[in-house]
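Note that the protein sequences, when read in sequence, are chains A and B.
Counted from 1, the first sequence has number 42 at position 39 by the numbering used here; the numbering is strictly sequential.
Counted from 1, the second sequence has number 235 at position 232 by the numbering used here; the numbering is strictly sequential.
If you're looking for bench data, these hints aren't it; they were derived computationally from the structure.
Watch out, some of these pointers could steer you wrong.
Remember, identical chains collapse to one label, so a pair may be satisfied in a single copy or spanning two.
[Said to hold, decoys possible] Cut-off 30 Å, straight-line C-alpha distance, at most; resulting in silico cross-link-like pairs (DSS-like, lysine-lysine):
hint: 1; residue 1: K121; residue 2: K242
hint: 2; residue 1: K22; residue 2: K50
hint: 3; residue 1: K22; residue 2: K153
hint: 4; residue 1: K50; residue 2: K153
hint: 5; residue 1: K50; residue 2: K121
hint: 6; residue 1: K252; residue 2: K121
hint: 7; residue 1: K72; residue 2: K252
hint: 8; residue 1: K72; residue 2: K22
hint: 9; residue 1: K153; residue 2: K72
hint: 10; residue 1: K252; residue 2: K242
hint: 11; residue 1: K50; residue 2: K72
hint: 12; residue 1: K242; residue 2: K22
hint: 13; residue 1: K153; residue 2: K252
hint: 14; residue 1: K242; residue 2: K153
hint: 15; residue 1: K64; residue 2: K121
hint: 16; residue 1: K50; residue 2: K64
hint: 17; residue 1: K72; residue 2: K121
All figures in this text were calculated on a predicted structure; none of them were measured in a lab.
Protein chains: 2
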Amino acid sequence: MASLTEGGRRPIRLADIAKAAGVSHGTASNVFSRPEIVREEVRERVKAAADALGYAGPDPKGRLLRAGKVNAIGVATTEPLSYFFDDPFARVMMAGISEACDATGAGIALVSAGNEEKLAWNIQSALVDGFILFCIEGGPRLVELTRERKLPFVALELGSQDDTVSAISIDNVAGGRLAARHLAELGHRRFAVLSLAFADDSTGLVSPEQVRTASYTGTRDRLLGYFEELSRFGVDTAKVPVYETENDKASTRAGLETIFASAEPPTAILAMSDRIAMVALEWLNARGIAVPRDVSVVGFDGVPEAAICEPPLTTIAQPIAEIGRRAARRILDFDGTVRRETLDVELVVRASSGPPPSIA
Amino acid sequence: MASLTEGGRRPIRLADIAKAAGVSHGTASNVFSRPEIVREEVRERVKAAADALGYAGPDPKGRLLRAGKVNAIGVATTEPLSYFFDDPFARVMMAGISEACDATGAGIALVSAGNEEKLAWNIQSALVDGFILFCIEGGPRLVELTRERKLPFVALELGSQDDTVSAISIDNVAGGRLAARHLAELGHRRFAVLSLAFADDSTGLVSPEQVRTASYTGTRDRLLGYFEELSRFGVDTAKVPVYETENDKASTRAGLETIFASAEPPTAILAMSDRIAMVALEWLNARGIAVPRDVSVVGFDGVPEAAICEPPLTTIAQPIAEIGRRAARRILDFDGTVRRETLDVELVVRASSGPPPSIA
DNA sequence: CACCTTCGTTGGATCGATTCAAATTTTTGC
DNA sequence: GCAAAAATTTGAATCGATCCAACGAAGGTG
Chain A
4 MASLTEGGRR
14 PIRLADIAKA
24 AGVSHGTASN
34 VFSRPEIVRE
44 EVRERVKAAA
54 DALGYAGPDP
64 KGRLLRAGKV
74 NAIGVATTEP
84 LSYFFDDPFA
94 RVMMAGISEA
104 CDATGAGIAL
114 VSAGNEEKLA
124 WNIQSALVDG
134 FILFCIEGGP
144 RLVELTRERK
154 LPFVALELGS
164 QDDTVSAISI
174 DNVAGGRLAA
184 RHLAELGHRR
194 FAVLSLAFAD
204 DSTGLVSPEQ
214 VRTASYTGTR
224 DRLLGYFEEL
234 SRFGVDTAKV
244 PVYETENDKA
254 STRAGLETIF
264 ASAEPPTAIL
274 AMSDRIAMVA
284 LEWLNARGIA
294 VPRDVSVVGF
304 DGVPEAAICE
314 PPLTTIAQPI
324 AEIGRRAARR
334 ILDFDGTVRR
344 ETLDVELVVR
354 ASSGPPPSIA
Chain B
4 MASLTEGGRR
14 PIRLADIAKA
24 AGVSHGTASN
34 VFSRPEIVRE
44 EVRERVKAAA
54 DALGYAGPDP
64 KGRLLRAGKV
74 NAIGVATTEP
84 LSYFFDDPFA
94 RVMMAGISEA
104 CDATGAGIAL
114 VSAGNEEKLA
124 WNIQSALVDG
134 FILFCIEGGP
144 RLVELTRERK
154 LPFVALELGS
164 QDDTVSAISI
174 DNVAGGRLAA
184 RHLAELGHRR
194 FAVLSLAFAD
204 DSTGLVSPEQ
214 VRTASYTGTR
224 DRLLGYFEEL
234 SRFGVDTAKV
244 PVYETENDKA
254 STRAGLETIF
264 ASAEPPTAIL
274 AMSDRIAMVA
284 LEWLNARGIA
294 VPRDVSVVGF
304 DGVPEAAICE
314 PPLTTIAQPI
324 AEIGRRAARR
334 ILDFDGTVRR
344 ETLDVELVVR
354 ASSGPPPSIA
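Using the sequences and the hints given, assemble the complete structure.
Here it is, written out as structure tokens:
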């Protein structure tokens, strides 16, 4: 139970050391930041004074103001902080960011907040050299808030097409095509789509009108990819049910109930996230519907869990860690430019997809 | 490819705004920090000037120096940064820390570094109000480095018994007892221990001498707990092999090879971490040794993975998230005291433990 | 009308360091 | 022994804000 704040009330400053050692602040400062340029005898005297007074070393707060660079990058989201450690996608992304930061010795500051007001404050007052934005939800607002700071930033998972912001994204249309082609080539002709949000606060079956006016372009593009390819195989996409989920268990299950209540249930499900796909796997299994014998499922994202679920999930893998790495480097070696970058995705075939029942 | 750093080279300061708006810097400051105390007309004028000049708002670097508080807590480790997102134990801990930080609006700064020198620098220059230390490895050094900063800090997983540092730990002896008693009560009498490190850079079978001089007291205490309880059941602990692993696949497998090469292989394995236990499960399965029919395994930690592995693991669960929450609160509402806190662990019985073959 | 509040504004002091041109001391060269 | 060169040290300026005592201008009161 000893007290930590022993001794003088006021913390010791560099100036105190300088006075005690009988040197100027300039010299005292040099002792800590460039010891080689001060004479050994003086150096020892100053260090002794520092020890005697219990000096904690130059306060980074003071140094920061002069130096200007914090040497840390901020990662922001509108989700609670635990999102970074819970969500599989976020985790792989953070691992990529970590790698780039480790390589240059930079730190990571996690920024988030439950309510809007705190988020704004947290972004305004974050001590960072730049931001990486996780725009899973409330993207535009996050971008707007961050822009105010006039620091470099990169948007990830940005749902909208805004050329004034730097962003790293994937080719969603190509990903959609890859998934659809894989299933169509296996022989499937009856499809259902479990989609991510097209706009805020909507769920349920989606109309073409809603697709056209989608505010999340990522969702729209994936669907576009699906439909383009399905059309090529002669599937009437107007008849393919598209159910908008909230990327969680409840809404995904509701979607499955709806889809399988149909007279002609699908033999293949195109899920826009692995999370949705894995809920589907679970639901189908509980219903005694075998995957892939009765129904095939293809996910999207390529999170690690998708490789070890039952059955292992066929999915469209994003280069998640690479996105993180690039985003971090964009901030770390910022060159003053605004740039959108689009990375390729990859079809990873596992055990959740196979030929439709009629063929097998 | 538009340039972000348009206009004037030097960033705009609050003083520039004040001059442009024809008010004192005091007033200009108030417009941003306490707008209600400045007359509306003046307020608008200053805001207009800020807009016109493209002012990014009060720079947190400046504010920080005055305010003194960063409103962020640093989490440090000697592992690379990705450790926070990869390691299951760390992730649950971080989730607990996140929760406490979210509740008060504080941020989290991740601090780490590959090499010793960078670690020192990163700790010295981290902009935080206090530290939470993950002492999984290089604990003493980390503590020493952090102490220099003279900021509040809490050590987690601290291997040594140092009363001058605040720490939150668990009752390792009780945990060891719980695990051993569970297996002994099931009827097991032939045991083997797969342990964590007793000292740096050692692995292999452990001698009583090594246990006595262990520098990691957590490891020692778990073993003490195992042995105390086993003795109560009449087991000759001198004959129980204790194999020191590095908490990774390779060394754990080596340990298993050693242990099962014995003439009288164990019917029960006491593993000092879930990680080790899960490697054991895998190894045993590959050997065709059924768990728990042939051999029972009890882990330690209670990470989420332990509940979903095959078979689900019986383990000693630490209140990991709670430890994180408490650690964060210790920093957030620091009261100047140094305190060691010990939390209780809990036996969680799952499918990896059962009666030994002779009985069943 | 003089006097006291109240409200807003001012500008200097401060937070804790780093930087750099100039001043000073020490070395070196002859 | 002395001047020039090299090595150190100094101290003022700066980084970008917030705080606060003091001051001035309205507004209210007896």
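The hints, checked one at a time:
no.: 1; hint: K121 x K242; result: neither (45 Å within a copy, 60 Å between copies)
no.: 2; hint: K22 x K50; result: within (12 Å within a copy, 43 Å between copies)
no.: 3; hint: K22 x K153; result: between (40 Å within a copy, 21 Å between copies)
no.: 4; hint: K50 x K153; result: between (40 Å within a copy, 17 Å between copies)
no.: 5; hint: K50 x K121; result: between (42 Å within a copy, 21 Å between copies)
no.: 6; hint: K252 x K121; result: within (29 Å within a copy, 44 Å between copies)
no.: 7; hint: K72 x K252; result: neither (43 Å within a copy, 41 Å between copies)
no.: 8; hint: K72 x K22; result: both (29 Å within a copy, 26 Å between copies)
no.: 9; hint: K153 x K72; result: both (14 Å within a copy, 23 Å between copies)
no.: 10; hint: K252 x K242; result: within (25 Å within a copy, 51 Å between copies)
no.: 11; hint: K50 x K72; result: both (26 Å within a copy, 27 Å between copies)
no.: 12; hint: K242 x K22; result: neither (83 Å within a copy, 65 Å between copies)
no.: 13; hint: K153 x K252; result: neither (38 Å within a copy, 47 Å between copies)
no.: 14; hint: K242 x K153; result: neither (47 Å within a copy, 67 Å between copies)
no.: 15; hint: K64 x K121; result: both (23 Å within a copy, 19 Å between copies)
no.: 16; hint: K50 x K64; result: both (21 Å within a copy, 28 Å between copies)
no.: 17; hint: K72 x K121; result: both (24 Å within a copy, 17 Å between copies)
Hints 1, 7, 12, 13 and 14, counting from the list given before, are not met by this structure.
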